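Each chain is listed here by its residues.
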Amino acid sequence: MSEGWFAGLTADQVGAERVREGSADASDAWPTRAIEAGVATSEEAYYDRLHEATTAAARTAMEERERADDQQVIHAVRAMDDAGRMANELAERVAEWAGSRDAASGTGIEFCRELAATDPAEPADERLISLAERAIELDDERDALERYVERVVRDAAPNLAALAGPTLAARLLALAGGLDSLAKTSSSTVQVLGAEEALFAHLRGQAPSPKHGVIYVHEYVRGTRPAKRGSAARALAGKLTIAARIDHYAGDRRPSLEADLDERMRRIRTGGEDDGAA
Amino acid sequence: MALPDGVQYRTFDGEERLATRGEPVYGEPVADGWRAWDAHRSKVGAMYELGMEPGLDAGDHVLYLGAANGTTASHVADVAGPTYAVEFAARPMRDLLSVAETRGNLFPLLKDARNPETYAHVVEDGLDLLVQDVATRGQARVARANRQFLSDDGRLCLAIKARSEDATREPDDVFADVLDDLREGYEILDSRRLDPFHADHLAVVATPR
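Protein chains in written order, with UniProt numbering: chain A, 1 to 278; chain B, 1 to 209.
Okay, chain A solo, but in the shape it has when bound:
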């Protein structure tokens, strides 16, 4: 028989922890059970206690998840990059080894998948196929991590994720160290996040200022012709900064941000305004 959330609660305990962590195989007539157990004197008193316990439980659970989300995104996007890099390294090793045994062999993860589907003829093939399987598993894990990032970043920073795309949003969070720091970062810094090497070379007087950091992967930067790319990067960084601030300080979705960005980009791409102009 299952126990209710209130089992064994004393009069001065709220029971929020029980609501959050508990479980039961089957439901029951909990108000009646609670009155029988002496936890409440009436249905009305029971529902009062239930209201206090469920609102307290929902509040703490919500606050914990809101706090944790951006950090989970950061770990996950870094793990995604690690898994992708290792998958490629292993795939390269597989290709090199396989090439020594069969000059017609291929390269990359796709080749690993072909190889893994073959039967080993010699002990070396066994090792090679096993290695290819490890590369495939790592590549699959990279994909699974990407899907996780896509889901969680929409919770952690919905507006940023909508404007930047989930993966770029996650990378910006990782580079800034969290939503809190990203929200406090100036737009000009957001523009060059991920281009720190080039930025410091510029500050040492050895290079021109970088036009963009990791936001280069955004279609609105990469897909804009070179003469306008600096303007596009600056405008995109501005909107992303606003999105991060709304996510951090307000938290609601503002679909108008995307329309603003689209309109701004349309003007940059069609206008006569040259790169470098305000």
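It should be emphasised that the hints constitute simulated quantities derived from the structure, not laboratory data.
This one's a predicted model, so the numbers in the text were calculated from it and none came from an experiment.
Where is the CB? At the ideal position from N, CA and C, for every residue including glycine.
Any given hint could turn out to be false.
Under 10 Å between C-beta atoms, here's a sample of chain B residues computed to sit facing chain A [as the list claims (entries may be wrong)]:
| id | residue |
| --- | --- |
| 1 | 94 |
| 2 | 106 |
| 3 | 107 |
| 4 | 109 |
| 5 | 121 |
Using the hints, position chain B against chain A.
Coordinates of chain B only, in the frame set by chain A:
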């Protein structure tokens, strides 16, 4: 169709609109303690506008799955008795909590409706009504998993979102599959598309079998 006690058409700025009695929640028009129920923002509200009977009666014991920020759940709780509101996302919970602050009969639960064992120790059985509006794949499975909370003559009031099941297929094909799956645990009493209020949604009223 008879509206339940606690749901009425009232006049707001010269316009007849569906309404319930309670504290305003989302900036809806208010008159004489009644608050307009916006059918464009609420699938249950749209069901009333289309002449369906969602199965809500005054004082009912209700489980609401997919309460989101509490827009519809607030109207349901205005009419019903104890109302358990399950929502999986942390973000809308803040709004749902402020709805619950002014409604002692609304019990918010930050839980996943796909795992009813994580709230079966809180939600009582023998409920009159199960409202479901979850944007997840497997909506029929969720309804069947939560059937245990309903009394034998209870009602399921379900809004099926076609895009959540499969964004690439024709909505009518998706609805047919979901209804087939639903019939494993429920007898379908009524179903209807929610156009023009909500595109690609099918509202279903059913009872456990």
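For this session: Go through the hint on residue 94 of chain B and say holds or violated, using the shortest Cβ distance to chain A against 10 Å.
Result: Since chain A brings a Cβ to about 7 Å from residue 94 of chain B, closer than 10 Å, the hint holds.
Problem set entry | Supplied contact hint for residue 109 of chain B, tested at 10 Å Cβ to chain A | holds, 6 Å
For this session: May I ask you to test the interface hint for residue 107 of chain B with respect to chain A, counting a Cβ-Cβ separation under 10 Å as satisfied?
Result: holds, 4 Å
Exercise. At a threshold of 10 Å, is the proposed contact between residue 121 of chain B and chain A supported by beta-carbon distances?
Worked result: The hint holds - residue 121 of chain B has a Cβ within 10 Å of chain A, the shortest such distance being about 4 Å.
For this session: So, residue 106 of chain B near chain A? Judge it on the closest CB pair being under 10 Å.
Result: Hint holds; residue 106 of chain B Cβ to chain A Cβ min 8 Å, cut 10 Å.
Of the numbered hints stated above, none is contradicted by the structure.
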